[in-house]
Amino acid sequence: MTLDDAERIVEALVLASPKPLTSARAADVLDIDPNLVERLFERLESRYEGRGITLRRIAGGVQFTTHPDYAEWIDRLGRQVINTPLSPAALETLAIIAYEQPVTRGDIEKIRGVRSDSAVNSLLERELTAEAGRKEGPGRPILYRTTDQFLVHFGLNSLDELPQREAEQNPLDS
Amino acid sequence: MTLDDAERIVEALVLASPKPLTSARAADVLDIDPNLVERLFERLESRYEGRGITLRRIAGGVQFTTHPDYAEWIDRLGRQVINTPLSPAALETLAIIAYEQPVTRGDIEKIRGVRSDSAVNSLLERELTAEAGRKEGPGRPILYRTTDQFLVHFGLNSLDELPQREAEQNPLDS
Amino acid sequence: MDYQIHIDVFDGPFDLLLDLIDRQEVDIWDIPIAAIAEQFLQYIRSLQERDLVVSGDFLVMASTLLQIKARMLLPARASDDEENLEEDPRDELVERLLEYRFFRTVSDHLAEREEGAARFFPPLPAKETAIRPPVYSNPVGDVSPATLRRLYETAKAAFLDNEQRTSDTIQRVVSLAECAVNIRQVIAERGECRFIDLLLQRTRPYIIASFLVVLEMIRHGEIIAVQHKDFGDIFVSSPAKGDRDHDLGRRRAHC
Chain A
503 MTLDDAERIV EALVLASPKP LTSARAADVL DIDPNLVERL FERLESRYEG
553 RGITLRRIAG GVQFTTHPDY AEWIDRLGRQ VINTPLSPAA LETLAIIAYE
603 QPVTRGDIEK IRGVRSDSAV NSLLERELTA EAGRKEGPGR PILYRTTDQF
653 LVHFGLNSLD ELPQREAEQN PLDS
Chain B
503 MTLDDAERIV EALVLASPKP LTSARAADVL DIDPNLVERL FERLESRYEG
553 RGITLRRIAG GVQFTTHPDY AEWIDRLGRQ VINTPLSPAA LETLAIIAYE
603 QPVTRGDIEK IRGVRSDSAV NSLLERELTA EAGRKEGPGR PILYRTTDQF
653 LVHFGLNSLD ELPQREAEQN PLDS
Chain C
26 MDYQIHIDVF DGPFDLLLDL IDRQEVDIWD IPIAAIAEQF LQYIRSLQER
76 DLVVSGDFLV MASTLLQIKA RMLLPARASD DEENLEEDPR DELVERLLEY
126 RFFRTVSDHL AEREEGAARF FPPLPAKETA IRPPVYSNPV GDVSPATLRR
176 LYETAKAAFL DNEQRTSDTI QRVVSLAECA VNIRQVIAER GECRFIDLLL
226 QRTRPYIIAS FLVVLEMIRH GEIIAVQHKD FGDIFVSSPA KGDRDHDLGR
276 RRAHC
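Protein chains in written order, with my numbering: chain A, 503 to 676; chain B, 503 to 676; chain C, 26 to 280.
Hints are not guaranteed to be accurate.
One side only, chain B facing chain A, incomplete, derived with CB under 7 Å [claimed, not checked]:
#: 1; residue: 508
#: 2; residue: 510
#: 3; residue: 514
#: 4; residue: 553
#: 5; residue: 568
#: 6; residue: 579
#: 7; residue: 609
#: 8; residue: 626
#: 9; residue: 627
#: 10; residue: 629
Cross-link-like lysine to any residue pairs, in silico, SDA-like; alpha carbons within 25 Å at most [stated by the list, open to error]:
#: 11; chain 1: C; residue 1: 254; chain 2: C; residue 2: 222
#: 12; chain 1: B; residue 1: 612; chain 2: C; residue 2: 181
#: 13; chain 1: C; residue 1: 181; chain 2: A; residue 2: 636
#: 14; chain 1: A; residue 1: 521; chain 2: B; residue 2: 651
#: 15; chain 1: C; residue 1: 181; chain 2: B; residue 2: 624
#: 16; chain 1: A; residue 1: 612; chain 2: C; residue 2: 232
Think of the hints as simulated: they come from the structure by calculation, not from any bench. C-beta atoms are modelled at their ideal positions from N, C-alpha and C, and glycine is treated no differently.
All chains should be built: construct the whole structure from the sequences, respecting the hints.
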């Protein structure tokens, strides 16, 4: 592997990393010396000098961000209003969170019988749902709750105003 | 604003856009001709040639992604796999929706010869399919179509890139 | 010809049918329908012998094949009108098969594309770049809190149902004799009740078993069953009680 190869791999890793990429992490993936990774970071930094994208040092690692000079252009893009209504899957997920909160992704998936990652994500994105700490126990999974935004959209003053759920009946009791 | 300036702004916009950036959208933000944006896309494309990052044409727009040559390295990064492959049943159902859209569940089942509820549900869940209104007629069944996420998931720029459908003739008829 | 079928898992009847045709290496426009129908039935039988569930779709296809076979045995009707050519009874099936085969080709193509596309990694949207999150205009549209409740109740009910169904797989086979004992006891105690109330467990095997027992008991005149409207509840009672309580003219369950 040449230095150029390594630089390109690091470039790809930075873009794909879910968190700012530390030199330790990159060194681990590439199985090279962390100091060498630092040198590669520097090379990338100068490569992106004067571009619309910049390599930013943050939280002990690096990530690509847009150059601050172009912030106002990004603002214009950011004002994009998205009109797509929630998918039926997301709406069902929201209903479950509303009545079962605080609730974990696993619990939601158990009730719905399907993976609910994208449904939960789209609720988080639209700020109808937020994290509410972690559940004690194995894996300490994240708990979810509804937000103030949720109340606003449904015209509710508080969660108490949600329609009462039917008393759960044991079908064998009837 | 020079062409170089415009290129850098577009570069920043592509990175910042939550969805693939179309030339129409970029032209709107920059208040320039969409054809000029196309030229800027091409300039960026060649600028990133041979790098770890690539400008990918997808779903009628462009986005930055890692170069496919480095996929194995990204895998090592342990990024959460979001795109688990679809089941054969889901793929078959999706193929039918792609060509017959807008199409009802009943039509899909007629072609496949089997119940397709769970296949359709998993496609809705992953936002590869969305509802597209209701069909006039008895029961007013829900119609389904493919989404932009469908194009992204399969690396398609548009539906035209799918294989052509040829009518097969009965040789005994001629 | 003796034909050995492997117990492959087929996605549906068309899947199986195409496989049989491919193995025979015959022209899709000239399917030897008698042979194919026989192999199709053999496959279903082999499933049944292994106590595997045969979905209704396969049974429908089997009957279609037999129907076509029967129609092909009939002598072609002499037509007065020369232009009115007798249609080949296989045509409709072949057209559906070809359509299905096309989509199967496409789904193979999609699977390949999926694999290729999975090698491109876009940055994750959650990452803290200069990205401004988009504004969503009223994401809930005209959905009311009441709708929300309905969605929740439906999901929850399906879940409870499902949970019981999953536990079936590890339970033993339901005994018809036990069902009969239970049903006689409930009828004796209560005189009349809904079919659904006869169920000790709301699991699919138990429901089917109870239904079979009810049919058998009706045949023997032990009980009668009445359904007042389509898809409505089925009321089961002892004959004496039933005659008193139900007007004549109400729909009787036929069996």
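A quick look at each hint next to the structure:
1. 508: violated (10 Å)
2. 510: Residue 510 (chain B) check passes; min Cβ-Cβ to chain A is 4 Å, inside 7 Å.
3. 514: Holds, about 4 Å.
4. 553: holds (6 Å)
5. 568: Holds, about 4 Å.
6. 579: holds (6 Å)
7. 609: Hint violated; residue 609 (chain B) Cβ to chain A Cβ min 19 Å, cut 7 Å.
8. 626: holds (6 Å)
9. 627: holds (5 Å)
10. 629: This hint holds: residue 629 (chain B) lies near chain A, its Cβ roughly 6 Å from the closest one there, short of 7 Å.
11. C:254 / C:222: holds (18 Å)
12. B:612 / C:181: violated (30 Å)
13. C:181 / A:636: holds (23 Å)
14. A:521 / B:651: Holds, at roughly 23 Å.
15. C:181 / B:624: holds (18 Å)
16. A:612 / C:232: Holds - the C-alpha atoms of residue 232 (chain C) and residue 612 (chain A) are around 24 Å apart, at most 25 Å.
In terms of the numbered hints stated before, the structure departs from hints 1, 7 and 12, listed from lowest to highest.
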